[in-house]
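2 protein chains.
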Amino acid sequence: MPKKREETEVFHEHLKRTRLKRTAQRDAILDVFLDTEGHVSSEELYALVRAKDPAVGFTTVYRTLKLLKECGLARELESYDGRTLYEHHYKHSHHDHLICTQCGALIEFYSEEIERMQEEIARQYRFKPFHHSHRIFGACAKCQKEEKARASAQ
Amino acid sequence: MPKKREETEVFHEHLKRTRLKRTAQRDAILDVFLDTEGHVSSEELYALVRAKDPAVGFTTVYRTLKLLKECGLARELESYDGRTLYEHHYKHSHHDHLICTQCGALIEFYSEEIERMQEEIARQYRFKPFHHSHRIFGACAKCQKEEKARASAQ
DNA sequence: CTTAGTGCAAACCGTTTGCAAATGC
DNA sequence: GCATTTGCAAACGGTTTGCACTAAG
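Those sequence lines, one after another, are chains A and B. Residue numbers for the first sequence follow the working numbering, so the first one is 1 and each next one is one higher. Residue numbers for the second sequence follow the working numbering, so the first one is 1001 and each next one is one higher.
No lab work stands behind these hints: they were computed from the structure. All figures in this text were calculated on a predicted structure; none of them were measured in a lab. Just to be clear, a hint being listed does not mean it is correct.
Estimated spans, in silico, between C-beta atoms of each pair [claimed, not checked]:
#	chain 1	residue 1	chain 2	residue 2	range
1	B	Q1102	A	R83	19 to 27 Å
2	A	L15	B	K1021	55 to 63 Å
3	B	K1091	A	A51	50 to 58 Å
Quick partial rundown of chain B residues pointing at chain A, CB under 10 Å, derived from the structure [to be verified]:
#	residue
4	I1107
5	Q1124
6	S1133
7	C1143
With the Cβ distance kept under 8 Å, some of the chain B side facing chain A (calculated, not the full set) [said to hold, decoys possible]:
#	residue
8	F1127
9	H1134
10	R1135
11	A1141
Using N, Cα and C, we set each Cβ at its ideal position, and we do this for glycine too.
Whole structure, please, built from the sequences with the hints as guidance.
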C-alpha cells in the first residue's frame, strides 16, 4: 500500500516541522486510523487502537487526532447526533454528506455546481471562505424500504 | 405587530393540539423569543427571559425551545463552536449561513440553484431529504479588513 | 539532561433528567 | 383532583486539562 507509506511520511514530516516527538502511541494511532475506511468516532478509533495496543489512553487518541487534522490527514465532521466523526482526507478529495437520521449511514456526494455556487455566494458577501459543512439529513434508501415493509406488515 | 400575534396563536394552538398547558413561563419565553431578531443561544434567551421574569429556570427555557421547534416557530442551527443557536422560523423563509470564525457573525444566504441541486443529488441516491445544514466558514468582510489593518500597522 | 508526551482522574460545558412541590384545567 | 409543569440539583456524554511520571531527542 504505497499510499499509506506516503501518509505516514506526511505525519512524520509534520512532527519534525513542529518539533514534536515521534512516539509508539502516535504511530500506532496513525497506523490504525489509516487502516480504517470511511468514518470513525474517537471512541471507535480508541477501541481499535486498544485492541492492538492496550497501553494507549483516550486522551492520546484525541490529541493525536488533533495533530492529524493539523497536518491535513484527518477531516472532522459532525454527525447527526452531535458527536464528531473522522475520515482520512489526504488525497481523498473533498465531498459532502447525506446523513440517514435513522441508521446513521453516511453517503458521500460531490457537486461541482454546488461548489461553484458557494464561491459565488461568498464573493457576493465579500466573505473569504475557508471550508464548509454541507449535510443533508433524511432517510436512506434502505431505511425507506424497511419503513415501507413495516407499514404494510401491520 | 400583527405577525407576533399570529405566531403566538400558532404556539397556543400547538399546546391545545398536543394537550399541553399554557403557563406564564411558556408565554414569557415565547414573548421574549419573538422579540429577538437574528440568532440566540439558549443561555442568551435564558438571560433575556430572566431580565423580565426572574422566576424562570434554565430547564424551562430548553424545554420550551423544544416545543417551539416542534410547532415550527423555532429553527435550530449549530454554530461554529459547537453550541446551538435558535432563530424564529415561522414565515421566515429558509436560508443557510456564512459563519465568520473570527467574530462569530452569521450571514444568511439563499440559493435556488443550490436547493435544486440538493434535490437532484438526493434523488440520485434514492435518499429522502428532510432538512439540511449548509454552513460556509471563513472570514467576514469586516474581519478581513481588520486583519489587513493589523498587518499593515506593524 | 532537557523538553515534550503519556495516562489517569478530575474538570468542563451545554444539555437532559429525576424528583418533589406547584399549577393549569 | 388529576395530570402536567416547574425549578433545582444531579446526571450525562463527549471533550479537554492539570499533573506527576515516562520517554524521546
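Now for the hints, and whether the structure bears them out:
1. Between Q1102(B) and R83(A) the beta carbons are some 26 Å apart, a value that agrees with the proposed interval 19 to 27 Å.
2. Between L15(A) and K1021(B) the C-beta distance comes to about 60 Å, which sits within the given range of 55 to 63 Å.
3. In this structure the hint that K1091(B) and A51(A) lie 50 to 58 Å apart at CB holds, the actual value being about 53 Å.
4. Evaluation of the I1107(B) hint against chain A yields a held restraint, the C-beta minimum of about 5 Å falling below 10 Å.
5. Interface hint status for Q1124(B): upheld, as the beta-carbon distance to the closest one in chain A is roughly 8 Å, under 10 Å.
6. With a cut of 10 Å, the hint placing S1133(B) at the interface with chain A holds, because the nearest CB-to-CB distance is about 5 Å.
7. Taking 10 Å as the C-beta contact cut-off toward chain A, the hint placing C1143(B) at the interface holds, the least distance being around 9 Å.
8. With a cut of 8 Å, the hint placing F1127(B) at the interface with chain A holds, because the nearest CB-to-CB distance is about 5 Å.
9. A hinted interface residue such as H1134(B) counts as satisfied when its beta carbon comes closer than 8 Å to some beta carbon of chain A; here the least separation is about 5 Å, so the hint holds.
10. A distance limit of 8 Å between C-beta atoms decides the matter here; for R1135(B) the minimum to chain A is near 5 Å, and the interface restraint holds.
11. Satisfaction of the interface hint for A1141(B) is found here, the shortest Cβ-Cβ separation to chain A being roughly 4 Å, below the 8 Å cut-off.
In summary, this structure violates none of the numbered hints.
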